[in-house]
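Based on the hints, put chains B and C in the right spot on chain A.
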Amino acid sequence: MAVSLGSLAVRFGCELHGDPDVCIEKVATLHSAGPGCLSFLANPAYRSQLSGTRAAAVVLRPEDQPSCPTSALLTSDPYVVFARIAGELHPQLALRPGVSPTASIGHECIVPATCEIGAGAVIGDRTRLGDRVLVGPGVVLGSDVSIGADTRLIGSVHVYAGTRIGARCVLHAGAVIGADGFGFARDRDGTYEKVPQVGVVVLGDDVEVGANTTIDRGAIDDTHVGNGVKLDNQVQVGHNVRIGEHTVVAALTGISGSATIGARCIIGGQVGIAGHITIVDDVVIAGRAIVTGPIRKAGAYGGGGLPADDLRRWRRNIVRAGQLEEMAKRLQVLERNIGRVSREES
Amino acid sequence: MAVSLGSLAVRFGCELHGDPDVCIEKVATLHSAGPGCLSFLANPAYRSQLSGTRAAAVVLRPEDQPSCPTSALLTSDPYVVFARIAGELHPQLALRPGVSPTASIGHECIVPATCEIGAGAVIGDRTRLGDRVLVGPGVVLGSDVSIGADTRLIGSVHVYAGTRIGARCVLHAGAVIGADGFGFARDRDGTYEKVPQVGVVVLGDDVEVGANTTIDRGAIDDTHVGNGVKLDNQVQVGHNVRIGEHTVVAALTGISGSATIGARCIIGGQVGIAGHITIVDDVVIAGRAIVTGPIRKAGAYGGGGLPADDLRRWRRNIVRAGQLEEMAKRLQVLERNIGRVSREES
Amino acid sequence: MAVSLGSLAVRFGCELHGDPDVCIEKVATLHSAGPGCLSFLANPAYRSQLSGTRAAAVVLRPEDQPSCPTSALLTSDPYVVFARIAGELHPQLALRPGVSPTASIGHECIVPATCEIGAGAVIGDRTRLGDRVLVGPGVVLGSDVSIGADTRLIGSVHVYAGTRIGARCVLHAGAVIGADGFGFARDRDGTYEKVPQVGVVVLGDDVEVGANTTIDRGAIDDTHVGNGVKLDNQVQVGHNVRIGEHTVVAALTGISGSATIGARCIIGGQVGIAGHITIVDDVVIAGRAIVTGPIRKAGAYGGGGLPADDLRRWRRNIVRAGQLEEMAKRLQVLERNIGRVSREES
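Chains as they are written, first to last, in our numbering: chain A, -15 to 330; chain B, -15 to 330; chain C, -15 to 330.
Calculated from the structure, these hints are not laboratory results. Treat each hint with caution, since some may be false.
No copy labels: a pair is met if it fits in one copy or bridges any two.
Stated by the list, open to error - Result set (DMTMM-like, lysine to aspartate or glutamate): computed pairs, CA atoms no more than 25 Å apart in a straight line: (1) LYS10 / ASP48; (2) LYS178 / ASP205; (3) LYS178 / ASP115.
Just chain A, same shape as in the assembly (with noise of 0.2 Å):
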């Protein structure tokens, strides 16, 4: 698809600067720009990028068009634009609707004709899906699934029988959703016995999933994704795990059982979180801390492998763990020194 530049301005609200005829086709790098191509400069870092970028039109901020060597749509969130005209540029594939013949479908579900349910799909029973849900192939529905309108499961998901899920999710490969959280309980003999997980998991509207996520069913209560959360790949999330609106949390990251999460949170990778604190809104957690207990303030934390700690504090530790070694030899220094201003003294 090709579109010209002076209706993009128009459309997605920047100011232009250049030729409003310039046609624009697809998007690149600024590095690797050529003709017909959008590129962006948001990150500073690549600033030195733009110079020499052979793109048909950039979009920045109104600070770094002097420095574009070509026609720029200007606007204060670059980042923000250039995702919106992306995802015009590069529309998400359309579906195609209809049940593929080798697709299983249960009893009393309900699946919109504007569907998608892709080769070697099962569908359980009473299972209810919204208009153009892509039931991508390979995906497995339990029984009384519910899923709202738009949302995609682009293939080999598996989601358990009484999981609720919003409109408009993208959920990916290998993603689980609603195995059973991990509760046993320990008997005197050290065998363990199984605690029932009648919970499920409920997924807000605008959620995206990453591959081979797991997200567990509640134990008792359920456990809630809230709208908007993006989670990355490989995050774990524990049984009766709360995550707030529009928080994101990077991959490989576990959140433990009954552990509240506000909303609007950053959450690095690897980061670990406790089973049963909460977490307040507007809370930035950098990768691999341990949060092991509340965060009653929102703000920025660090803890690289150490507990969660406001982040500048952090810093400066990190930088002293590297010294240790030269710390305590000074330490050692010291205590010759003080021993003999002490026999001298005495």
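What follows is chains B and C alone, placed relative to chain A:
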């Protein structure tokens, strides 16, 4: 299903306090319970919710009974007893014996008529199932696999050829059992030669394997997971690992090749265990610890991002790690003072 | 299959010590070997098992031969030679060319008659396979995928549209190649705009991808995994990552978006690598390290839960980290003493 409180007291060996004719239909948390609900109090953190509960009855310790506003089942192990009653009130879904028309079964397999083989399931040649095995939708079993009675592969599980699985196990979606271990011999030019992985995986009875957990086949000998072991989601078990009976491992933990872990251990989430080491029975390892050497003594070990250590010692060290910047400054002050003192001395 | 020791010596370039007519049938560990078994000794930790082995023959270094109670193949690279011989004694299962009746193949695909397409496999439109490709049971290939000759997707692998995979690769169950990268632009109100992920994943030749490992497609340009790269289980590779040839990555490691990793690197398990950084060739990173900045010099780096550092320096620091409580107390003593000395001074 519904049952009288009196009958539960008798069958699960509890002292009944209150009305034996109260009818129990399902389980609920103290907070969300209503009429017909059975709740429990085991974790003291939830004691404050007891007085306000609207549960029909609560399973709790005798000392908590005076604060309980409703009928109670008294026991010294409320969580274990609750788990057993919950298992009766919320039984696993009954199997629907039979083979789905879209399942594929190889040659010379043993598939008793009591088994349920779900849609799209694939079973390789010479694979043998015990009675009442569930091979859920999308499950793939390789050739020469054996599975004991009453084991349930919920769905979308992949089991490689030759794997042996015991009775009454539960394998959750996305689990991969028996993939090749990570065995490559480095050649002089920096390229790698694959070392064939000819061992298999042997799971005992009553093992639970979480969603997207991976257990590699042995390189030469086999990988062993003992009876009653419970693995959470996204756990990685390397080739030739041995895990003793009734050990539990929380999510995202990695156990490197040829590690041997004792019986009745409790291993937290995101733990890393080095290869070729041995951990004795009855060891508790806190979340995120790194175990780089053998653990020869039963007990509790911490580590955070640091090597595993005696839990109390580790907790004190981890507090100090958050004070490193301050310690470094105090060290500087001392060095300045001792310099001054020394200069004044001379 | 069985072969004489003499023939192995000739073909794999080893000096033979012992009886050339000994018949070798399979491989075994020093400990478990019996008649007909070939074992090896490479890791000195197992040297004590040599004298008691009942193996028919052992592959080992010349200096270990005097302690060997049986026939031996002498070589300076016993593990590499053993790997090659094991590959001959235990060849991969032969393909069974043909397309399963329950597989689904799209339009305009190229599927040579030498390929094996397993039960329930799904292949999208215009996908092209080389000769002797295995598309195992439950594998899903999107549209416009290309796969080189002799590559084996064992089963339950999901490959997104547009992915290009080289020759002789092995992809294990649960691997997901080409899911969307984690790209979202944050709007002023804290909600997110999805950034279309229009790049693809390109895997070179001889790549091995472990079970449940995920490799994201590029945001704009592509994600590249070089020839000979070996990824263990549950590794996460973000969008636009580049991994150089013959680099190996152990389990549960996360590589953030746009990181560039050199050739012949060895990266331990549970490592975290930040986005947009470069690591040069021939770098070794110990398990659990955090790499937050570029690594510009070949060599070994540690880190534990802390930022990556020169391995020896790191080891000393990590020992000190376990002594922090003691260091803090010594500091207090010094402060008290210096205070006393100072007071006595004045």
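Structure-based check of each hint:
For the homomeric pair LYS10 and ASP48, the shortest alpha-carbon distance inside one copy (22 Å) is at most 25 Å, but the shortest distance between copies (63 Å) is not. Proximity of LYS178 to ASP205 under the C-alpha cut-off of 25 Å is restricted to the intra-copy arrangement: shortest distance 17 Å within a copy versus 31 Å between copies. When the C-alpha separation of LYS178 and ASP115 is checked against a cutoff of 25 Å, the pair qualifies only between copies, where the shortest distance is 21 Å, while the shortest distance within a copy is 38 Å.
Hint violations for this structure: none, all hints satisfied.
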